[in-house]
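Chemist: Residue-level listing of the chains:
Protein chains: 2
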Amino acid sequence: MTTIDPPPTSLPTPEPATGTGQDLVLAIDVGGTDLKSALADPAGALIDIRRTATPASSGVPGESIVERSAALLAEYRGAWPTKNIAAIGLIAPGLVDEVNGVGIYSANLGWRDFPFADRLRRATGLPVSYAHDVGAAGDAEMRFGAARGLGDVVVMIVGTGIAGAVFCDGKRVLGGGYAGELGHAQVPGGLDCTCGLRGCLETIGSAGAIARRYTELSGQAVPGAREVFAAAAAGDPVGRRVIDDAITALAFSIAQLVAILGTEAVVIGGGLTQAGDALLDPLRLQVKQNLSFHRHPVLLAAQMGQDAGLIGAALRARDLLDAP
Amino acid sequence: MTTIDPPPTSLPTPEPATGTGQDLVLAIDVGGTDLKSALADPAGALIDIRRTATPASSGVPGESIVERSAALLAEYRGAWPTKNIAAIGLIAPGLVDEVNGVGIYSANLGWRDFPFADRLRRATGLPVSYAHDVGAAGDAEMRFGAARGLGDVVVMIVGTGIAGAVFCDGKRVLGGGYAGELGHAQVPGGLDCTCGLRGCLETIGSAGAIARRYTELSGQAVPGAREVFAAAAAGDPVGRRVIDDAITALAFSIAQLVAILGTEAVVIGGGLTQAGDALLDPLRLQVKQNLSFHRHPVLLAAQMGQDAGLIGAALRARDLLDAP
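As given, the protein sequences belong to chains A and B, one line each in that order.
Going by UniProt numbering, the first sequence opens with residue 1, and the numbers climb by one from there.
Going by UniProt numbering, the second sequence opens with residue 1, and the numbers climb by one from there.
Each statement offered as a hint is correct.
Chain B stretches covered by chain A per the calculated footprint, using a threshold of three residues with CB under 8 Å from any CB of chain A:
no.	region
1	171–179
2	254–266
3	284–297
Read the hints as simulated data drawn from the structure, not as lab findings.
Note that this is a predicted model, so its numbers are computed, not measured.
Glycine residues also receive a C-beta, built at the ideal position from the N, C-alpha and C atoms.
Could you build all of it, start to finish, from the sequences and the hints given here?
Modeler: Shown next as structure tokens:
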């Protein structure tokens, strides 16, 4: 059993629509390769985290996810026969219509306009929420993590790519499913991007880009950004340049957020946060230099870790039980 | 009497807190040089628009605005003795705390943390709203103008400088008073800015910058951006370059908005819209080139004209009467 350690606050105990206040919800995080799942109790603690391969699509993309999710529900019910599972929170990448529970588009997973919430609701008879994976991770940081108590926040997940959850006045911005594509906003010095544009932030500012650029510029292959930070700290000029370019690009984009939205806190999660203060200290300095009379945001490391998405998925499912 | 022509919708007829459904509200737009005012009827039509010089500050900055506003109320009551004026909507530039009705800061007008709503409420006995001038103009475009019926919208006012009103899921983003500073977000090719930064959008993309840069680069003084558009249309290479640079900068910033927020419509107001399709057509093309899988926003000319701010101020005042 994995608990949030320490849970800084707890989920509101619902007046549940079905079952009792001790109901569990099933959280499912659909990734490109893995499908993670867990039960969550009313306090937000995750129970029995499981990881399986994301099922290959057979026929209509999305349908195999629904089938696997329904099978998972049966497995968890078998494993926890005394517990009532009252709702399901599903999250996935791509373009997501959270209002209608529809997967608008996923390049990696292949669906277009697939009605996940409706299909899984019909397959299981339970209330189902469907949300964006990074958005859900952001929800978890807002409710339990680095951004709790704040209203104007951007949670940036910097890993292979870069995506974000944008909160204004405490509410996550949806933008019809298109909000939060921070990795595909252009920056000076950005490179050719797989999306077809030139200059996207994630071509230079992501953990993936840091490793790739170092390998290209030094001729020495590195497994990840961590090794590039280590090289830079040891005085390697190529490592220093690659890290500096990434920080300059991230600071540029953060200043855009602040000017447009009056962002008061930027929470940085994902693989790049392993660099800790070697990332955050120079980034804070550059963000400050990019601002004048603007609001000056605090830069914080994400706190919810690898399971932030699952915790957010559970929050969404719990909201269905809280709804009047 | 100026009416909204045609009013595409009307203000909701309130169950007024005081008086009757025929009550008027007083709208006051405090500018750097002029103070505009009008009465507004329940349908949103402006009546008896007046313009006076913004009173010079004597002592505490902001206090003279309160005194002048209270005097205006008396003047309008004298001019319209059979009408009941039930609330006041005040708008001003600078950093504005709309929630508490406080003028956080105005560089031009000199106040810091001045409690406009509270002071004017005590001076007049009426409910008073206090809002940002560009935000109020955006509210008017959302309720009556180019953006009616839309939810994810940025209204950009491009004049001497550039400022914006940012709407997400139908709600204006406040950002603690700091949102919407689109003119002070950096762009490639941006120049030294009076705010202390280098690269701000308004140093190259504003109507003011277009006129200034043309004058500098050509050695020929022009009164405004309109003449530079005319020069570019007539084949003047300096005019063409200055216009192209402005459009490139504006398109860069619009693409940032779209990537971050999933903006579905950008409404462009202010002096630069006099250029019409000579601005909007190439801007649409460049915005499209800056986007790939993103949402593709429509670019629209503002419809509410010079009095958009007053209309928005009246909306805010009317909201006070609607409030339960």
